[in-house]
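Participant: Residue-level listing of the chains:
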Amino acid sequence: MTAKQILMIENLVKHFPTKRGVVRAVDDISLHVSSGDTVGLVGESGSGKTTTAQCVVGIYPPTSGQISFDGSPIDVAFSRRSKELKGKIRIVFQDPGSSLNPKRTIKQILSVPLKVHGIGTPKERLSLMSHLLETVELPPGEYLYKHPQSIGGGEKQMVAIARALATNPRFVVLDEPTSALDVSVQGKIINLLMRLGDELDLTYLFITHDLSLMRNVATRVAIMYLGKLCEVARTEEFFRSPKHPYTRMLLSSIPVVTRQEESLKPEKIVSKGEIPSPVDVPPGCSFHLRCPERKGICSEADPETRAMDDGRLVRCHLYEHGAAKAGG
Amino acid sequence: MSEPLLDVVDLHVGFRIFEGYLSVLNGVQLSVGVGERVGLVGETGCGKTTTVKSILRVLPMPPAKVTDGQILYRGQDVLRMRRRRVQALRRHELSAIFQDPLQSLNPVFTIGTQLRDIVKDSAIGQGRRLPRRVIEARCIEALRETGMPDPERIMTNYPIQLSGGMRQRVCIAQALSTHAKLLLADEPTTNLDVTIQDQILRKLDELVDEHGSSVVMITHSMGVVRDLTQRANTMYAGSIVETGETKQLLEGPKHPYTQGLMASVPKLTGEGISEGIPGRIPNYLDPPPGCRFHPRCVHRMEACSAELPSLFEIGGGHRAACYLYGGEA
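Read top to bottom, the protein sequences are chains A and B.
The first sequence runs 1 to 328 under the working numbering.
The second sequence runs 1001 to 1329 under the working numbering.
These are computed hints drawn from the structure, not numbers from a lab.
Quantities reported herein were computed from a predicted structural model and do not represent experimental measurements.
Cβ coordinates follow ideal geometry from the N, Cα and C atoms, glycine included.
A few of these clues could be false.
[As the list claims (entries may be wrong)] Simulated DEER-style distance windows between Cβ atoms: (1) ALA1306/B - GLU142/A: 23 to 33 Å; (2) GLY1316/B - GLN260/A: 19 to 29 Å; (3) HIS32/A - GLY1317/B: 46 to 56 Å; (4) ARG1144/B - PRO276/A: 17 to 27 Å; (5) GLY1317/B - TYR145/A: 33 to 43 Å; (6) ARG1082/B - ASN101/A: 48 to 58 Å; (7) GLN149/A - ARG1144/B: 21 to 31 Å; (8) PRO1149/B - GLY152/A: 38 to 48 Å.
If we strip away everything but chain A, and leave its shape as in the complex, we get:
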């Protein structure tokens, strides 16, 4: 790959000690993101995708492992991160209804990152904010003095995006930015995000549970299950031939709308069981309880992540031999 790696996550672990035991939210994941990529991090609820993102943004310091951004390590507590770094990595949350302060006007909301990061003089800020709103296709004259509750869900999310862009970030974490919205609004937001990604040269970590959406926006897809990555691959290859049994189960469970799509789904795998609690993770491969292709070894040893010859990473006992041969 020619593009340079902007974010490197190495053996990231995040555990939360609770009364009932240790919640292993993120359990040893490694993920590299190249500059300009859109990486889709997909998984069911409780698989640890949001925790991963929050470690990247700095909301939680990792329990162990390294995260480096642009070559320098950033796995320190949020309060010890430099302001410059905080401006470079931004996040857009899932529900704009609760991430925007209802008592403030959009102008006040947008002015916070500008003030904190000392961007522009107080006089310049008004035009900066208008410009931000224009970038997200909201007419500033109409929206600057409105409160979040008086605008629609899609528009709120656009304000949240504008706020994230206020500091000229290079890396934006999108934590399910459209899952609270209707499909007819989703299209607009996604297209806006993709256009901004090109124009402002942003790199996205896109967290979602919607694989069909990822097919259309991501350059690479990473599947997460119970704190671990099952499969990481370029989007095209990922959807052409999913390898990990969990990936195939996910893909075959998606309800689709056309016959053409139906033919793209892998052979039906009847899904069963539910994601186990991250407090007591099953021994061996964490997926073995639900896996249609489990073997004896699956309940004993946790498979290692193997690189296949097309650059895809799979963590499953099924591919240990094949990958070993192919990888040499």
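Based on the hints, put chain B in the right spot on chain A.
Facilitator: Then chain B, alone, in the frame of chain A:
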């Protein structure tokens, strides 16, 4: 088609609130045949849940008010029935599954207590008193049918001890334990993950087949409608804008709104995502006159803002409420 089981005719429902009058349902037409599965698709706030609640007659009145229309169940108008008759109807004939199982289950009683009550009262309504053993056995059977592992233990659990998928299974067990003739499923899997959604819907499908119930499946997912229903209806801002066989509707959507919705759904073919539909659902305090979709519509004509189009026949039972397909003024 034989006599429909449920026939909603020109239903108008509104809410009187401090700011004024919200006219939400604006002439809903919906009919469900015996043993038929009908899908109702639409965005948040288009009146899907209000329709279901009107059918069950559980809308709080006031503030809600039915201003016009009929809800015919086996030819009888639910809206004009005596209260006792409605209760009897809810006990044996109608059944509902709602979106959020945590809200439809009582948090302070065990699953067992809640299920037993349903089975017991349903039998009492039919004039029979069941021995405790029989009730217990039926509850466990109902839970087992939904694919629940270890139903005996689940009976002693409280709702918070179960996961989202499990709770929804309990709700399905409740809804099907009385062998209802018509099941109203209001976004039963919206809060669940795809693999769980797949399991639940598959189970629901099997059980409905077994019991021979009719289903109204309310959802905002086109994919779910495609998998589960024979006929589909698209709803926008309080009225049905298109109706037809699910296949016809999804493969050749006619109403501009349905077309827009279909184009907005991200597809596995990876052809990119359309811009969606500009604008948003109208304010019910002051809805646009005529077709409520016209301010967002690309094909709007003069007639559109004058009068609400009725459902025009396109062919083979496929009908759309749009002046593109008839009724030139």
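Participant: All the hints need checking, so say for each whether the structure fits it.
Facilitator: For each hint, the structure was consulted:
Against the hinted window of 23 to 33 Å, the Cβ-Cβ separation of ALA1306/B and GLU142/A comes to about 29 Å, which satisfies the hint. The given range of 19 to 29 Å is respected by GLY1316/B and GLN260/A, whose C-beta atoms sit roughly 22 Å from each other. Between HIS32/A and GLY1317/B the CB atoms are about 54 Å apart, so this pair conforms to the stated range of 46 to 56 Å. Taking 17 to 27 Å as the suggested C-beta distance range, the pair ARG1144/B and PRO276/A conforms, at roughly 22 Å.
Judged by the Cβ atoms, the range 33 to 43 Å given for GLY1317/B and TYR145/A is violated: they are separated by roughly 51 Å. Taken as a hint, the range 48 to 58 Å holds for the pair ARG1082/B and ASN101/A, whose Cβ atoms sit roughly 50 Å apart. Take GLN149/A and ARG1144/B: their Cβ atoms lie about 46 Å apart, and the range 21 to 31 Å is violated. Range check, PRO1149/B to GLY152/A: about 43 Å between beta-carbon atoms, so the 38 to 48 Å window is met.
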